[in-house]
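Residues per chain are reported as follows:
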Amino acid sequence: MDRTKIDLWVGIFVALGAAALLGLAMKVGNLTSSKIGETYNVTAAYENIGSLKRHAPVKSAGVVVGRVNDIIFNTERYEAVVTLAIDKRYDFPADTFANIYTAGLLGEQYVGLEAGGDEVMLKEGDKIAKTQDAVVLEKMISQFLFSKASESESKDVAPVAVEAKVKSTELGDPPF
Amino acid sequence: MIKSRLFNSVIRTLTGIGHRVTERIWRLGAGARLFFLAIIYSGESFKRFQLTMREVYATGVMSLLIIIVSAFFVGMVLALQGYNILQKYGSSDAIGVFVSLTLVRELGPVVTALLFAGRAGTAITAEIGLMKTTEQLSAMEMMAVNPIARVIAPRFWAGVISMPILAALFSMVGILGGYLVAVPLIGVDDGAFWSQMQANVDVRLDIMNGLIKSVVFGVVCTMIALFQGYDAPPTAEGVSRATTRTVVISSLAVLGIDFVLTAFMLAS
Chain A
1 MDRTKIDLWV
11 GIFVALGAAA
21 LLGLAMKVGN
31 LTSSKIGETY
41 NVTAAYENIG
51 SLKRHAPVKS
61 AGVVVGRVND
71 IIFNTERYEA
81 VVTLAIDKRY
91 DFPADTFANI
101 YTAGLLGEQY
111 VGLEAGGDEV
121 MLKEGDKIAK
131 TQDAVVLEKM
141 ISQFLFSKAS
151 ESESKDVAPV
161 AVEAKVKSTE
171 LGDPPF
Chain B
1 MIKSRLFNSV
11 IRTLTGIGHR
21 VTERIWRLGA
31 GARLFFLAII
41 YSGESFKRFQ
51 LTMREVYATG
61 VMSLLIIIVS
71 AFFVGMVLAL
81 QGYNILQKYG
91 SSDAIGVFVS
101 LTLVRELGPV
111 VTALLFAGRA
121 GTAITAEIGL
131 MKTTEQLSAM
141 EMMAVNPIAR
151 VIAPRFWAGV
161 ISMPILAALF
171 SMVGILGGYL
181 VAVPLIGVDD
191 GAFWSQMQAN
201 VDVRLDIMNG
211 LIKSVVFGVV
221 CTMIALFQGY
231 DAPPTAEGVS
241 RATTRTVVIS
251 SLAVLGIDFV
261 LTAFMLAS
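Order-wise, the sequence lines are chains A and B. At position 140 of the first sequence (counting the first as 1) the number is 140 in the working numbering, and the numbers step up by one without a gap. At position 171 of the second sequence (counting the first as 1) the number is 171 in the working numbering, and the numbers step up by one without a gap.
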């Protein structure tokens with residue numbers, strides 16, 4: 001085996017390895033799409049975060065704009081304080097909603113940001129005031145059964161009652 | 001009389017255990033010394049890079065075939081088995097995630113290391129063992145050539161360079177094999193296969209950690225092979241035993257270290 005032939009083969013070998021790594025990073029991983037550069041941190045408090053985890057995505061309009069950086073439990077108010085690292089390219093109004101949603105029926109949970117109309121923007125260290133807890137399946141089912149029961153009790157008032165219930169859950173606090 | 005005989009046999013057993021333990025510890029220490037010497041004297045293997053290049057050819061390029069073929073089959077089997085389970089839960093689209101995460105995180109580095117120990121590690125041990133048996137290493141020392149700088153270090157770096165490349169190739173080829181089974185054969189949607197994979201495989205958490213694992217395995221496997229060869233008794237039987245030990249110890253070390261590394265990586 002002479003020298004140039006060895007060099008050629010080793011060159012091919014290393015090039016193949018580099019191509020495989022590049023392929024893994026680009027095609028298998030998501031190096032190209034969801035790269036988050038400089039971030040700023042804002043906090044949001046929840047009574048119940050469900051199964052939200054660190055590094056869970058923060059999305060707005062379905063686009064990943066940040067990650068959940070930290071989750072701590074505040075023993076003074078007995079609530080979860082979630083730190084969101086949001087990409088510096090994206091500014092959000094101070095009255096933005098930070099809701100916890102579930103991807104799919106049983107998928108992972110993420111924080112959804114819904115921009116408000118305030119002219120003051122969120123900056124490093126701010127606290128998002130308007131939050132909505134994770135939906136707990138049991139609560140939702142019991143709520144549904146409760147509304148069904150009241151529906152059968154008084155048929156004529158039922159539609160209004162159901163509508164009122166739905167509205168109140170949209171606002172974020174279950175009626176019990 | 002009987003009492004003293006019993007006493008003697010107990011003493012002998014204890015001495016035997018002690019001897020075995022100190023022997024193991026001594027060998028571990030000797031291996032660690034060889035490791036540090038290889039690193040200290042590795043200047044020449046970079047100055048005369050041709051030496052290392054030749055060894056990369058012997059360990060890396062020559063292992064390409066076995067790595068690629070087994071990766072292909074491992075990927076195909078993963079896809080078949082994964083589909084069989086996932087379709088019960090109605091999530092056969094997640095097969096891409098299943099195949100890629102299994103390969104990138106675990107099977108890529110581990111199976112590559114096991115194959116590497118069998119294919120390249122044994123060759124290194126046998127070669128160095130035979131060099132020692134035929135007194136080539138002593139001859140080098142007589143000519144004031146440091147055998148660690150000339151023989152050990154280039155092989156060490158070749159192994160460390162080759163392993164991550166082979167592991168990356170293994171993962172990529174395995175994913176292609178899984179793709180071939182999942183998409184054309186079973187009929188999983190092409191777009192779902194790749195997009196689910198891209199959404200769930202993290203470059204830093206999964207691919208980088210796999211790479212770190214394979215570098216560690218490269219160091220461990222190559223070092224074990226080198227030490228077993230360097231330490232082999234200079235007889236035909238000694239070399240053959242050393243070669244066997246290379247495979248056994250490398251495999252056990254890789255599996256054990258893999259558990260520790262995985263525990264650390266998942267914890268952080």
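Quick caveat, the hints were computed from the structure, so don't treat them as lab data. Owing to the predicted nature of the structure, the values given are computational and were not obtained by experimental measurement. The C-beta atom is built at its ideal place from N, Cα and C for all residues, glycine as well. One or more of the hints may lead you astray.
Said to hold, decoys possible - From the derived model, a few chain B residues whose C-beta atoms are all more than 10 Å from chain A: (1) Arg54; (2) Asn84; (3) Val173; (4) Gly187; (5) Trp194; (6) Ile207; (7) Asp231; (8) Arg245; (9) Ala267.
To be verified - Derived lysine to any residue pairs resembling SDA-like cross-links, with alpha carbons at most 20 Å apart: (10) A:Lys27 to B:Ala267; (11) A:Lys27 to B:Gln196; (12) A:Lys53 to A:Asp70.
Hints, one by one, checked against the model:
The claim that Arg54 (chain B) lies off the interface is violated: its Cβ sits roughly 6 Å from the closest Cβ of chain A, which falls inside the 10 Å cut-off. At roughly 21 Å from the closest C-beta of chain A, the C-beta of Asn84 (chain B) stays outside 10 Å, upholding its exclusion from the interface. Some Cβ of chain A comes within 10 Å of the Cβ of Val173 (chain B); the nearest lies about 8 Å off, and the non-interface call is violated. Against chain A, the non-interface label of Gly187 (chain B) holds: every CB pair exceeds 10 Å, the least being about 21 Å.
The claim that Trp194 (chain B) is not at the interface with chain A is violated, since a C-beta of that chain comes within 10 Å of its own (minimum 7 Å). A Cβ of chain A approaches the Cβ of Ile207 (chain B) within 10 Å, the least distance being about 5 Å, so the stated non-interface status is violated. Remark: the non-interface label on Asp231 (chain B) is consistent with the geometry, its nearest Cβ contact in chain A lying 29 Å away (cut-off 10 Å). Every CB of chain A is more than 10 Å from the CB of Arg245 (chain B) (nearest about 28 Å), matching its label as outside the interface.
With a least CB separation of 12 Å from chain A, Ala267 (chain B) remains clear of the 10 Å interface cut-off, as annotated. Of the pairs offered as hints, the one joining Lys27 (chain A) and Ala267 (chain B) is violated, with about 27 Å between alpha carbons and a cut-off of 20 Å exceeded. For the suggested pair Lys27 (chain A) and Gln196 (chain B), the alpha carbons sit about 11 Å apart, so the restraint of at most 20 Å is met. Of the supplied pair hints, the one linking Lys53 (chain A) and Asp70 (chain A) holds, its CA atoms being roughly 8 Å apart against a limit of 20 Å.
The earlier numbered hints that this structure contradicts are 1, 3, 5, 6 and 10.
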